[in-house]
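Let the hints inform the model, and build the full structure from the sequences given.
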Amino acid sequence: MSGQRINTLGERLDRSRSLRFTFNGRSYQGFAGDTLASALLAAGELLYSRSWKYHRPRGIVTSGIEEPSALVQLERGAHTIPNAKMPEIELYDQLVGESVNGWPGALARLFSVNRWGTPLFPAGFYYKTFMWPAKAWMFYERFIRKAGGLGASPQVEDEATYVHQNIHCDVFIAGGGVAGLAAALAAGRSGARVILAELQSQLGGSAHRQTATIDGHSASAWVRAAEAELAAMPEVRIIRRGVVFGYHDHNFLTVREALTDHLPLVGRSGFRERLWRVRAKQVILATGAHERPMVFGNNDLPGVMLSSAIADYATLYGVLVGREIVLLTNNDSAYADALVLRQAGARVSVVDARTGKAPAGGLVEQASNAGVSVLRGHVPVEAGGGLAVTEVVVATMNAGKAGDPRRTLPCDALGMAGGWNPAIHLYSHSGGKAKWNEAQCCFEPGSAIANQTIVGAGAADFDVASSLQSASQAGAHAASAAGFAAQAISYAVIEPVAEPITAFWIAESGEPVSRRAKAFIDYQNDVGAADIELAVREGFESIEHIKRYTAMGFGTDQGKLGNINGMALAARALNKPISQVGTTTFRPNYLPISFGTFAGVDRGDLFDPARHTSPYPHHVASGAPFEDVGQWKRPWYFPKPGEDIHQAVHREVMAVREGVGIMDASTLGKIDIQGPDAAKLLNWMYTNPWLKLEVGKARYGLMLDENGMVFDDGVTVRLGEERFLMTTTSGGAARVLGWMERWVQTEWPDMRVYMTSVTEQWSTFGLVGPKARAVLEKVCKDVDLSLAAFPFMSYREGTVCGVAARIMRISFSGELSFEVNVPSHYGAAVWAALMAAGAEFNITLYGTETMHVLRAEKGYIIVGQDTDGSVTPHDLGMGGMVSTTKDFLGRRSLTRSHTAGPNRKQLVGLLTDEPSTVLPEGAQITEAGATTVTPVPMLGHVTSSYFSPTLKRSIAMALVRNGHQRMGQKVQLPLVDGRVVSATVASTVFYDPEGKRHHV
Amino acid sequence: MSEMTLQSPLAPILGAGPRALQVDGHAVALGECPLMDMLNLRGNPQDAAFTAAVAAVTGLALPLQANTATLGAGRTMLWLGPDEWMLQCEAGQAAALEKGLRAALAGQHFSVVEVGHGFTTLSVQGPGAGALLSRGCPLDFHHSAFQAGQMAQTHIARTNAIVLCRQTGTDYTLTVRRSFADYLFRWLSAAAGA
Chain L
929 MSGQRINTLG ERLDRSRSLR FTFNGRSYQG FAGDTLASAL LAAGELLYSR SWKYHRPRGI
989 VTSGIEEPSA LVQLERGAHT IPNAKMPEIE LYDQLVGESV NGWPGALARL FSVNRWGTPL
1049 FPAGFYYKTF MWPAKAWMFY ERFIRKAGGL GASPQVEDEA TYVHQNIHCD VFIAGGGVAG
1109 LAAALAAGRS GARVILAELQ SQLGGSAHRQ TATIDGHSAS AWVRAAEAEL AAMPEVRIIR
1169 RGVVFGYHDH NFLTVREALT DHLPLVGRSG FRERLWRVRA KQVILATGAH ERPMVFGNND
1229 LPGVMLSSAI ADYATLYGVL VGREIVLLTN NDSAYADALV LRQAGARVSV VDARTGKAPA
1289 GGLVEQASNA GVSVLRGHVP VEAGGGLAVT EVVVATMNAG KAGDPRRTLP CDALGMAGGW
1349 NPAIHLYSHS GGKAKWNEAQ CCFEPGSAIA NQTIVGAGAA DFDVASSLQS ASQAGAHAAS
1409 AAGFAAQAIS YAVIEPVAEP ITAFWIAESG EPVSRRAKAF IDYQNDVGAA DIELAVREGF
1469 ESIEHIKRYT AMGFGTDQGK LGNINGMALA ARALNKPISQ VGTTTFRPNY LPISFGTFAG
1529 VDRGDLFDPA RHTSPYPHHV ASGAPFEDVG QWKRPWYFPK PGEDIHQAVH REVMAVREGV
1589 GIMDASTLGK IDIQGPDAAK LLNWMYTNPW LKLEVGKARY GLMLDENGMV FDDGVTVRLG
1649 EERFLMTTTS GGAARVLGWM ERWVQTEWPD MRVYMTSVTE QWSTFGLVGP KARAVLEKVC
1709 KDVDLSLAAF PFMSYREGTV CGVAARIMRI SFSGELSFEV NVPSHYGAAV WAALMAAGAE
1769 FNITLYGTET MHVLRAEKGY IIVGQDTDGS VTPHDLGMGG MVSTTKDFLG RRSLTRSHTA
1829 GPNRKQLVGL LTDEPSTVLP EGAQITEAGA TTVTPVPMLG HVTSSYFSPT LKRSIAMALV
1889 RNGHQRMGQK VQLPLVDGRV VSATVASTVF YDPEGKRHHV
Chain Y
-10 MSEMTLQSPL APILGAGPRA LQVDGHAVAL GECPLMDMLN LRGNPQDAAF TAAVAAVTGL
50 ALPLQANTAT LGAGRTMLWL GPDEWMLQCE AGQAAALEKG LRAALAGQHF SVVEVGHGFT
110 TLSVQGPGAG ALLSRGCPLD FHHSAFQAGQ MAQTHIARTN AIVLCRQTGT DYTLTVRRSF
170 ADYLFRWLSA AAGA
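Read top to bottom, the protein sequences are chains L and Y. Remember, this note's numbering sits 928 above the position in the first sequence when you count from 1. Just so we're aligned: -10 in this note's numbering is position 1 of the second sequence, and the numbers increase by one with no gaps anywhere.
Worth flagging that the hints you see were computed from the coordinates, not collected in a lab. Careful: at least some of the hints might be erroneous.
To be verified - In silico negatives: residues of chain Y with every beta carbon more than 12 Å from chain L:
#1 Pro1
#2 Gly20
#3 Ala44
#4 Leu51
#5 Ala92
#6 Leu121
#7 Thr157
Said to hold, decoys possible - Lysine-lysine pairs mimicking DSS-like chemistry, simulated, CA-CA at most 27 Å apart:
#8 L:Lys1625 to L:Lys1924
#9 L:Lys1706 to L:Lys1924
#10 L:Lys1709 to Y:Lys88
#11 L:Lys1446 to L:Lys1504
#12 Y:Lys88 to L:Lys1608
#13 L:Lys1625 to Y:Lys88
#14 L:Lys1709 to L:Lys1625
#15 L:Lys1898 to L:Lys1880
#16 L:Lys1924 to L:Lys1880
In this text, a Cβ means the ideal position worked out from N, Cα and C, and glycines have one as well.
Structure representation (structure tokens):
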């Protein structure tokens, strides 16, 4: 076999545009319109890879996306694509590719010993051999994967960009062949919104292989006219290079549109691929069919190809792969291929499994008349050749047996036309179950799911006239169902008289399959007919199990080429009809899809929103590192030059304790609650009483879930008789609002109360420390800030820095503190003004880390850090906040036997014996002293731990079993690094237990 | 009273005006309608006294059909739920409107909350506007499906947004919480290939 160009054919080529490319380090030339496969075939290349397990030489088998052997590592570096299929790569100038299964060089014979060692590599070989000992797999795997030689994954980030786009339509059509176009025309003429996706760069599907005429034109000419008509319809969108790779529930489909892969690397701009997310009222599947190879010995030799592929390379790309071509068939389609190849100048013989006389007016007759030699009643037994096919041995069919005489036919290219498998993959994605069509020898779609129609070869309708008619009717019906007045179009089709296919799965020569020359089913995974039989002998009966045991269909073609042969041979080995063995389930994705397509724009800093508070630009300018709190970016600490986090936090803490600090607390959740029943609602939400809170006063509350466990906390202010402002944790804001809405909407619809999130309406700045009042007095003249006039836990409205503000005297640090809330569009300006006002007091910026240390010194909890959904107020030592005189959410659960029982984990403080030792958060706690019990009983774990600059020692909070009864007792903490730290159980309030510092 | 500057969330990046983008060959201008005042309004739409009072004070009929808005001169009333609306108006009007509403609704069960500082509004204009939005939003932006006066509370990329069609096919606004504005602006720019 040695391919060469012919000038009379090649409808996709633009011979005026020559393209240069490099493959395996060698330079080649092709034409615009070539695929990588056609250009290499035209250059006479034969051998593209060595097979996975046996390292047999392999050539190109197909002209499409089902190609198993001719894989390429396309381009290098950031543009590299592993395992691209050569027939699907449109050639572009300066393309660079390397064969994938070629290591260590496609032609080297280093591993070809496997060819002679077949018994060493039966089905299930890897399961049986490399699984023991388990740890050795790590070693085997490296070797096997390298020798197996699938492509190399990219080592650098993909530079290409990707985008998603949602789109809706009345009628979605998968496939742009004759059937798909007929459906689109019928639907499109009604004005319906139609989307047609075709995976190739050009419409037409198999039209170029059809001998039929439509309304007096060749099928190809009809396609061009249809394309032009559709292009003029404003509501019709044709997506070329668009593979429908997933068909999900409710007619939701995903289509990958390749936008730049056909262009030279240097000329590419914009998105590489677009993922269309299609929602269709009606779906028409016109996905066509894949030709089936035939199973016979050495059917993997280079030069053995699908018959249709040999014809495609001639018709579309002007490449004749052989001069002496034998086509093996059991149906009519090989004769159309033979006619093309005759026309291209080859000597062509067709070996047909069918016996008897062909019908008059059929393709067989046409081919014979054109000089194709036809040998009926013969089936292939084995091919022969070294690095390429040189002959095929065929046997005579006699009463269903393949017997003598045998003939040897010389050839330099061997075509396989084993029938057609409808591409039922998308139908299968949608939940459809395939059924066996005995007459057509193929699996076809069973009943359609809702709002779906399947037409053309994809529905095992291989007749042009009836395909056109049913597709046009489907298009009209779909548009009508979507509310448009549509009519089917009639076409006058003249096509040859068809002769039925006959089943051929393997030559029934009487020899055991395992003794014959290797006959392949799945080329990429080196699964042969004997492997299927072995799997059956070893007890596998379900086709799903046989598939997994043999690895049939596991390759990059996902069994599109060989699986049906495998199923038929499994049925043969099981002595069952194929209909009872069934087919495996096809799942998305129809083709391999790059990760970038799924990521779309959502990568890098657009992977997830980063939420910023109003003074964010000031924080950035201050050089603060940021801590992620949910999606919020909060300043973590504000280092001075040369400071590390510990030094910065130490300075910030001391500034708050001794002077004044400022922190941005804007992320706190805030909910405005209005209505006559607002106080009643709060009384249900919180464990403590709320009905009698005075206007202008604030109160701290704990919120429990249905199980009585703390799930949020915060301070709520009574703004008016019927209006409150609730604050929640930063992370809990949405959950708390949803929780309250749920109760009001579903349980208490008569409660007259409305809730509105105002988290972002107000920017919240804490002025904290003994000098906080002095700072605020400079910028707030209309509120008496004295202790007597504005005591702790109260609220005032006033003007701060010229802006109407809400001021709360609450504290999360134990110090004198004013929380100033201003409308957020003023936030950046007010922040700057407060900094300026505080300058004379050396006002100090502090972040979340210092906030944590300050609150831990005071024993204030952080919900979600010191609690974990299993902690009650009593466990926290906050039982005093639980009212015994009213009902509230979670109350009943507090009386459950376990919740109210002994031995609960309780929040306590821990003081390490060695004051400089800071315990790791999460450290496990055990009883002091040696224990002989294994495993060692765990008492609990550390929830918060810091070095306290104020106390000049470490402090920690921990949940400890019966912790409240252990005050003053020793516990120990075995750490991951082997140290065992001893600590004393203490109160969680480490600093200012009397609370004198904030009552000033 | 104030020499304090108001700063909209996108002011730092959109100082020079809307960004010109191209989507599939169609122009899109991505900008901000900065510093609009907004009020969240709750009440009972079955109560004629409520709807009449709101119409009298705001000059806009309350949209009672789901996912619709009443577009007025410089003022828009958006449907957010069966008993919830958002009034968008020009800067500086919210306080007076809130006062007017409180007076007109006195004695009824209602809620008015100023929320304009918690949001900002992006404008997406031009023949490619729908295509750009469809890159991040599963809604149908076809002219037959989403027309002037229609709106939706949906998501664009990973942000909640109130999407309003002001002019069929060519003019949309996206009202988002202020902290998401920077992300959404950068996301939409990237989705246009910019």
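Comparing the hints with the structure gives:
Some Cβ of chain L comes within 12 Å of the Cβ of Pro1 (chain Y); the nearest lies about 6 Å off, and the non-interface call is violated. The beta carbon of Gly20 (chain Y) sits about 17 Å from the closest Cβ of chain L, which is more than 12 Å, so the claim that it is off the interface holds. Interface exclusion of Ala44 (chain Y) from chain L stands, the closest Cβ pair being 20 Å apart, more than 12 Å. Non-interface status of Leu51 (chain Y) relative to chain L is upheld: no Cβ of that chain comes within 12 Å, the nearest being about 15 Å off.
With a cut of 12 Å on Cβ distances, Ala92 (chain Y) stays outside the contact zone with chain L, its closest approach being about 15 Å. For Leu121 (chain Y), the non-interface assignment is contradicted: its Cβ lies about 9 Å from the closest Cβ of chain L, within the 12 Å cut-off. Look at Thr157 (chain Y): its CB is around 15 Å from the nearest CB on chain L, clear of 12 Å, so calling it non-interface holds up. Restraint check for Lys1625 (chain L) and Lys1924 (chain L): the C-alpha separation of about 19 Å stays at or below 27 Å, so the hint holds.
Between Lys1706 (chain L) and Lys1924 (chain L) the CA atoms are separated by roughly 25 Å; this keeps the pair inside 27 Å, and the hint holds. For the given pair, Lys1709 (chain L) sits about 25 Å from Lys88 (chain Y) by alpha-carbon distance, which is consistent with the 27 Å threshold. A hinted pair counts as satisfied when its Cα atoms are at most 27 Å apart, and Lys1446 (chain L) with Lys1504 (chain L) qualifies at roughly 24 Å. With a C-alpha separation of about 26 Å, the suggested pairing of Lys88 (chain Y) with Lys1608 (chain L) holds against the 27 Å cut-off.
For the hint linking Lys1625 (chain L) to Lys88 (chain Y), the alpha-carbon distance of about 24 Å falls within 27 Å, and the restraint holds. Of the pairs offered as hints, the one joining Lys1709 (chain L) and Lys1625 (chain L) holds, with about 21 Å between alpha carbons and a cut-off of 27 Å not exceeded. Proximity of Lys1898 (chain L) to Lys1880 (chain L) is assessed by CA-CA distance (about 21 Å); at most 27 Å being required, the pair is judged to hold. Only pairs whose Cα atoms come within 27 Å are accepted, and Lys1924 (chain L) paired with Lys1880 (chain L) is accepted, the gap being roughly 20 Å.
Hints 1 and 6, counting from the list given before, are not met by this structure.
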